[in-house]
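Colleague: Once you have looked at the hints, place chain H on chain S.
Number of protein chains: 2
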Amino acid sequence: MSQDFSFTLQATDGRARRGEIFTPRGTIRTPAFMPVGTAATVKAMFPQDVRATGADILLGNVYHLMLRPGAERIARLGGLHSFMRWPFPILTDSGGFQVMSLAKLRKLDESGVTFQSHIDGSKHHLSPERSMEIQHLLGSDIQMQFDECVRLPCSDEEAERAMRLSLRWAERSRKAFRDEPGRAIFGIVQGGASKPLRLESAKALAGMEFHGLAVGGLAVGEPQEVMLDMLETTLPHLPAGKPRYLMGVGTPDDIVQAVARGVDMFDCVMPTRAGRHGLAYTRFGKVNIKNARYAEDLSPLDPESTCPAARDYSRAYLHHLVKAGEILGMMLLTQANVAYYQALMAGLRESISQGRLADFIAETRAQWEAGEASSRPQ
Amino acid sequence: MSQDFSFTLQATDGRARRGEIFTPRGTIRTPAFMPVGTAATVKAMFPQDVRATGADILLGNVYHLMLRPGAERIARLGGLHSFMRWPFPILTDSGGFQVMSLAKLRKLDESGVTFQSHIDGSKHHLSPERSMEIQHLLGSDIQMQFDECVRLPCSDEEAERAMRLSLRWAERSRKAFRDEPGRAIFGIVQGGASKPLRLESAKALAGMEFHGLAVGGLAVGEPQEVMLDMLETTLPHLPAGKPRYLMGVGTPDDIVQAVARGVDMFDCVMPTRAGRHGLAYTRFGKVNIKNARYAEDLSPLDPESTCPAARDYSRAYLHHLVKAGEILGMMLLTQANVAYYQALMAGLRESISQGRLADFIAETRAQWEAGEASSRPQ
Chain S
1 MSQDFSFTLQ
11 ATDGRARRGE
21 IFTPRGTIRT
31 PAFMPVGTAA
41 TVKAMFPQDV
51 RATGADILLG
61 NVYHLMLRPG
71 AERIARLGGL
81 HSFMRWPFPI
91 LTDSGGFQVM
101 SLAKLRKLDE
111 SGVTFQSHID
121 GSKHHLSPER
131 SMEIQHLLGS
141 DIQMQFDECV
151 RLPCSDEEAE
161 RAMRLSLRWA
171 ERSRKAFRDE
181 PGRAIFGIVQ
191 GGASKPLRLE
201 SAKALAGMEF
211 HGLAVGGLAV
221 GEPQEVMLDM
231 LETTLPHLPA
241 GKPRYLMGVG
251 TPDDIVQAVA
261 RGVDMFDCVM
271 PTRAGRHGLA
281 YTRFGKVNIK
291 NARYAEDLSP
301 LDPESTCPAA
311 RDYSRAYLHH
321 LVKAGEILGM
331 MLLTQANVAY
341 YQALMAGLRE
351 SISQGRLADF
361 IAETRAQWEA
371 GEASSRPQ
Chain H
1 MSQDFSFTLQ
11 ATDGRARRGE
21 IFTPRGTIRT
31 PAFMPVGTAA
41 TVKAMFPQDV
51 RATGADILLG
61 NVYHLMLRPG
71 AERIARLGGL
81 HSFMRWPFPI
91 LTDSGGFQVM
101 SLAKLRKLDE
111 SGVTFQSHID
121 GSKHHLSPER
131 SMEIQHLLGS
141 DIQMQFDECV
151 RLPCSDEEAE
161 RAMRLSLRWA
171 ERSRKAFRDE
181 PGRAIFGIVQ
191 GGASKPLRLE
201 SAKALAGMEF
211 HGLAVGGLAV
221 GEPQEVMLDM
231 LETTLPHLPA
241 GKPRYLMGVG
251 TPDDIVQAVA
261 RGVDMFDCVM
271 PTRAGRHGLA
281 YTRFGKVNIK
291 NARYAEDLSP
301 LDPESTCPAA
311 RDYSRAYLHH
321 LVKAGEILGM
331 MLLTQANVAY
341 YQALMAGLRE
351 SISQGRLADF
361 IAETRAQWEA
371 GEASSRPQ
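Chain order of the listed sequences is S and H.
Take 1 as the starting number for the first sequence in the numbering used here and just add one per residue.
Take 1 as the starting number for the second sequence in the numbering used here and just add one per residue.
Hints are not guaranteed to be accurate.
Identical copies look the same in the list; a pair holds intra-copy or inter-copy alike.
[What the hints assert, rightly or not] Pairs of lysine to aspartate or glutamate residues, derived as EDC-like cross-links and limited to a Cα-Cα distance of at most 20 Å, are as follows: (1) Lys43 x Glu326; (2) Lys107 x Glu129; (3) Lys323 x Asp297; (4) Lys195 x Asp229; (5) Lys107 x Glu158; (6) Lys286 x Asp253; (7) Lys290 x Asp120; (8) Lys323 x Asp120; (9) Lys323 x Glu72; (10) Lys195 x Asp156; (11) Lys175 x Glu129; (12) Lys286 x Glu304.
In case anyone wonders, no lab produced these hints; they're calculated from the structure.
Chain S extracted, bound-state conformation:
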């Protein structure tokens, strides 16, 4: 196992865990939310503003980066951290998920996946070995095994085939991973919506030398209760001493529920994508800023936020910017959303330390339901 990468549990509350992942590029406070920096940018945000929201780590996408500007090019330019001016930890996905969701003319076999770029139709091949090489070229701090993620619902036969293939690819990924100081690799539990398959996957991966384990193939169309069910089945069989990462999740409520079940890390495009479409996540729930009720609302999204975008600009101004299609509207809402997600994670961490996670969750959900009216003078 690599040196200079470690996970320390600091507190637990029920199954929820608070901890820290140490890497040479910085400490990741868990439970952690990783903003998504798909194409070497967290869309519509300056890197220093991402940092200022409290983000300890970003996610980068192998699929997008291998196509444009290219992994070898990023390596020649000094690696992804320097390229995008984010000197803190970066986790990279393996490319498998995006190949399935974005690429054209996919052909999957034991060796890997051949596909055409959605950008220019050029032909590419991804395998466990090539994915590890790309993630190494990017300079990733936490690499993900190459896996196959199936959409839900799917047949158990299909889920089983993909899960077993992902296990074989896990072994090949682990073998191809270069153990260098500070670099880590996570395995990925698959198995669709089948408890026996999830269990088998988790147990097999727990026996391999991964630095952390992820749960993949969830939040891909199934109801929240199915996702939580799979987590409850899977997590008890993952090593307690390693970080647990729920991939691609999710809404604030998804995150809160998953933290209560023992998840340590999350990533999702939701706060950034919503921010580009006029939707704000706040302490008071979701705010559709395009709604006419905000046209003359001088209150900010959240007067108590430490984020300038949420605290200093009126809803009336945000409403105007979004209605007018102004880029500044996307910039402000994205920043406010990422800041809210980070504030939520900070609240979860703090409440775990204090042994009052259940109360925190109840208060948080009550505030979401009560909406912004609860914070205004009557």
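Modeller: Same frame as chain S, now just chain H:
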């Protein structure tokens, strides 16, 4: 005349002038470049970043703001400064120019212009009186008279008709303007590309009680030499003690040439619009960042710039962002461009004070022509 608004000449070099306009909201160092904040935002920039480039004053557009979100609404929300979080001076145009260039189904008569919104087809009327009312509602520091701006080339008959109408509208605008402390109104010289018409317009406006005079109807399609010819005809007949504003101009070279002829203020969408289209203005001339030569260029736009966007990000990264259509590419290039324009104005002001404007212009143009290669190790 209003109190609390004054113009002080600090130095001259040939016909070029360095000065300061004092307003209650702040001092405007001239020659000044005003970034354009069309719809209550300098596109793709946070207001504090606009300020950080060195901008003392912004321009707001009556046409856009009256249509969305509406002048009365902005007034109810506390005025444009508070709405867009720009507490420093704002100059508003009168709406005349945009009505002619953007609105549908225009009908112009002595009273004003009736037109349909380009946004939703709604019908509106602008007159000198309504334009002054709107600019007052917005809370503008420097209001512009309502005028008619004709496109060049046009017949002398057409230019004369519009110029005389604009003079009558100047009188009505001046009368409708509310003399309140700190508020100013500028007249606008028209007359197309005709020296006698420009002269007549300038002399007539010089006799009215305006706080400053603008030259309008230039940089609307004519060659630079025609524009400069019109300036040389017009400016000597404007009062030396009042600021002179060349509307909608222009390229860095247009600005340098106009400053040398005695212009004090400029506005133009060029730096912001170019920044959204992959074009950077730098000390080394224009840089089309999409050019393949920048794909692996680790140098920034300008290592000596004080602007983070120009100094801290590699051309390779900017190239990638723009090729990938990323919003951050627009954010960075816009910031870099506005910063370059402000740095150019600072250089012009300094060289006027030092009596070396001609040398500064020669050096600046030589640097533009030599390009970035001149700054790199051989």
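Colleague: Can you list which hints this structure breaks, lowest number first?
Modeller: none
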